[in-house]
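Colleague: The primary structure of each chain is shown beneath.
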Amino acid sequence: MMLSRKFLCSAALAALLTGSAQAEVTVLGWPGGPEEEALRAVTEIYNAKADVAEDDKVELLFTSRDGFFDKLQVDLAAGSTAFDANLIATYSIGRYAPFLEPITLSDEAETVFGDTVLSTMQYDGAQYGVPTDLSLHFLYFRKDLIDALMANDDAKALYGDISEKYLGERLEPKNPEEWSWQDFAANALYFSRSVNPDSPTRYGTVLQMKNLLFNMMVFHSLPRSYGANWMDADGNITVDSEAYRTALEMAKMLFDAGATPADSTSYEYAEANAAYSAGQVAAMVQWNAAASDLISAQPETVTQAPPTGPEGRFTHIHGLGLGLNAAAENKDGAKAFLKWLSTEEAALAYARAGGAPGLATNTAQKLADERPDLVQVGDYASNYGFVMNGGTSKNALSIYEAQAKEFTGYWAGTQSLDEAMSNITASMTELLK
Amino acid sequence: MRLLPKQENAILASPMVLFLLVLLGFPVVLSIIYGFSEASFESLMSPKFIGLENFRLVLQDSSFWDAGWFSLRFGVITALLECVLGLFLAVYLAPLIRKHGWMVAVLIIPMIVAPAMIGLMYRLVLHEFAGPIPYYFYEWFGWSPSFLSTGMVFQTIVVAETLQWTPFAFLLFLTAYQAIPNDIREAASVDGTRPWRMFWKIEFPQMLPTLFVAGFIRFIDGFRVFDNIYTLVGAGPGGSTTSMSIYIYETFLRRGEIGKAMAAAILLFIVAFAILAMGQRLMRRAQ
Amino acid sequence: MKLHQILRWIVFVIAALVMNFPVLATFITALKSPAEISRNPSLAIQSPTLENFMTVLTVSDRLNVYHYLWNSLSAALIGSILPIIVAFPIAWAMARRGYGRNILFPLIVNLRALPLVIFAVPLYLMFSVVNLLDTQIGLGLVLAIVNLPLALMLLVNAVSEIPIELEEAARMDGARLPRLIGRIVLPLCRPAFITTFVFGFITAWNEFLFGLILTTQNAVPMTVGASFFFATSGGGVQWGVAAAVMIVAALPPLLLGLIMYRKITGSMVSGAVKG
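Protein sequence lines correspond, in order, to chains V, L and W.
Just add 711 to the spot in the first sequence (first one is 1) and you have the working numbering.
Just add 105 to the spot in the second sequence (first one is 1) and you have the working numbering.
Just add 5 to the spot in the third sequence (first one is 1) and you have the working numbering.
Worth flagging that the hints you see were computed from the coordinates, not collected in a lab.
Where hints are given, some of them may not hold.
Said to hold, decoys possible - Partial selection, computed: residues in chain W whose CB lies under 7 Å from chain L:
| hint | residue |
| --- | --- |
| 1 | A21 |
| 2 | M24 |
| 3 | P27 |
| 4 | H72 |
| 5 | P94 |
| 6 | I95 |
| 7 | R106 |
| 8 | N115 |
| 9 | R117 |
| 10 | A118 |
| 11 | I123 |
| 12 | L146 |
| 13 | A180 |
| 14 | T228 |
| 15 | L263 |
| 16 | I264 |
The beta-carbon is built from N, C-alpha and C at its ideal position, and this holds for glycine as well.
Using the sequences and the accompanying hints, generate a full structural model.
Modeller: Structure below.
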């Protein structure tokens, strides 16, 4: 009896709620954070336009960030009509492309964003999305600590001793702008109490070694600067290379020497930021999105492009953007909105509202006063940005996941480097064939 | 008109059977089809029959066996710890609880909080720089264990699970303990039986069925553990904290290998079914 | 005697503190400002604030905690009551007549060992046809499946613990099966109903994955809604808000537990006296 009343109540409520949500063009955005605020702001501008028909007004939908891609996967595969356009990312376009439809951007798009950034939203030669935000990595370091080190001769000598002992090469402290990865490692060791008991910080760096795909993105700028790639031009898997081995060994050496917390194998974004914010870490490589948090927690922080290697300086880049759901109910309306999003008007408004679009130099200059960080991001992206061969393939996400499993296993000591290399080669051969 | 027992049974069974058929009939049939097909998110509507290929893949996957072994160890250890602790608390505190019922409420709080949230909270509580536990270790001893490092992570998640679910065992034991008729106890104490002996000879045998039920439920729940481990440490370095549920979940949603995930689930189900059905038969024979 | 009493109190206090430590730490974190959380990991709060709770309890155009609580409440009630209704009759047949002991019982109990998320896609497809996607009823029905194995186990156990003499006496008086079950067995199972309901409600309330996948807007439950709150900085976790959400989300099942525990313990004692 009681149950049936409950049934009726909730049925009535459900009917009420669905009735009120008559979306014209529904867009599923990246929930929380500056991306959401920026998207809300530009949507307001778009909806206020006189030439946007009542039926084509945009309504935004934000779900949970936890499990976002799991849910999106099921929604898209089952042909959900709950949204017309949805978030896509460079590393997942390949996976979702079968359920999306290519779109046409505005004529300005190329000048506004530049080819590199547009290509982060392409798959199989087709444009699947309009780019909204760009993610890459910075080297964050504590200028106060490095300055003090450079000003002290005893410290310099100790730095030399430590680098000789651990890296087989006597290194001088340098300005982080000139760092190679060897300098990064020497610095990490010098500022760790396990190596240098007088260190002002407990750890020289913090590495994110949790078995999580995003951590592989943070890591692989290092092997890349030693010349690593996922496959060569003929499609042979080249992950088992000197470059990857050198990079993996360097990370393992730092972990074993205690230059990063022993818990690092369970660290991701939040943990690493908490360690750095506590003032117990001298330098680390982290996403550009962390800049404001880290600088406000440690005001002496300076950001810089990641260190350089024998093959140059590199940073992983990927874009977030919006694509068109193939099962959309209002495709034309959604296409119109996405096209408008790729105009200069929209991109500038998006940036002003706090988003982080990857803008071509000329476009970024128009905002140089308000968003100097976008100039830095645009500069790093065009000069150091890279995507591995196969990094936008159908199985790119699975490759990152397989790497996360094998590489963290090596770092944590559950398998040898050779085992990790042969396992990852086998999985990647399967995933990239 | 009198119904035959057989007909009565069928009527009694019908609500549940109908409920399951309506809700799970289609999903189960479709899932079994996927188990024997090359099925991914792209080919949901057009799975291609490939016979036992998925089962071969699963059985050859060392991660599957690792996950099974992990779940088994985790389930057995946590179920034992929870039952021992829960039984002790229920029996030892029962005289107090009879007078102060609110104590039960205090002790069952942990299991009311969502396991996923508990996992998330431990990420903060155990963090070397932001968590209170390492903080007090450093304050008092100038040193702290790394709770989530490779060598300690298993112990840490066992403790976390045990602390959260001991209340479950405690509650079942408490109800069973309080249900023991008082005249049995009174008769024994008239005979001058000492408390320790009373527990082993009289109370414990009375609670044995509940001990089986509690131990069994806690074992299943430990075996299928997912939320708290996944939010705390994920699949672990090299997959070292991958439980069976995490294995199936990642195969299914993260890698999109639906056929393989289904094959793993079917295997798990068959093995568990065989063990349980056999256990039932043995129990009846023993009685 | 006196010493034992003191020892018991000590054991209780230690057990309560240790088992509840994560909850206590969460509560303390919820009362700290974001700045203090990153600066002061200790359990002593320097400047307590209700800021985090205000963030959670304020309705914005996207976040509405009351909506999530209501969704969770309705879905969890369906998900915890329905299994008792469908499982009780068969539980009697299983306990008293061994009906379905070989196949049906292990089959259903084993559902608990399976990660039910493997049924997410077929359920999604099915629900989209019958319009149950993103509704409290749809979510409630799935939660009922999740709870069914535990309900069946606890109810079978409860029926088999009822002294069979009571049923036999009623039979002697000529009671037929519906009367027997309705008048004799049902009242004696009340404590088990309450226990099953409380456990089921808590499980349903805390479920995350189905809540995530089967709802988008209208029926989002509290666990999923909770994660809307704390992912509001650039990918990091806002610990203070996360802690406050957890406390708010745990309150309804906690209240339920508080109200119900008296009934559990109370009825157990009276049942024992009668027995």
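Colleague: Look at each hint and say if it fits the structure.
Modeller: To see whether the hints hold, each was checked on the structure:
1. A21: Holds. Min distance 5 Å.
2. M24: holds (5 Å)
3. P27: holds (5 Å)
4. H72: violated (18 Å)
5. P94: Given a least distance of 4 Å, the restraint on W/P94 holds.
6. I95: holds (5 Å)
7. R106: Holds. Min distance 6 Å.
8. N115: holds (5 Å)
9. R117: Check passed: Cβ of W/R117 comes within 5 Å of chain L, closer than 7 Å.
10. A118: With a closest approach of 5 Å, the W/A118 hint holds.
11. I123: holds (5 Å)
12. L146: Holds. Min distance 6 Å.
13. A180: Violated - the Cβ of W/A180 stays beyond 7 Å from chain L, reaching only about 13 Å at its closest.
14. T228: Since chain L brings a Cβ to about 6 Å from W/T228, closer than 7 Å, the hint holds.
15. L263: holds (5 Å)
16. I264: It is violated, given that the least Cβ distance between W/I264 and chain L is near 10 Å, above 7 Å.
Hint violations for this structure: numbers 4, 13 and 16, all remaining hints satisfied.
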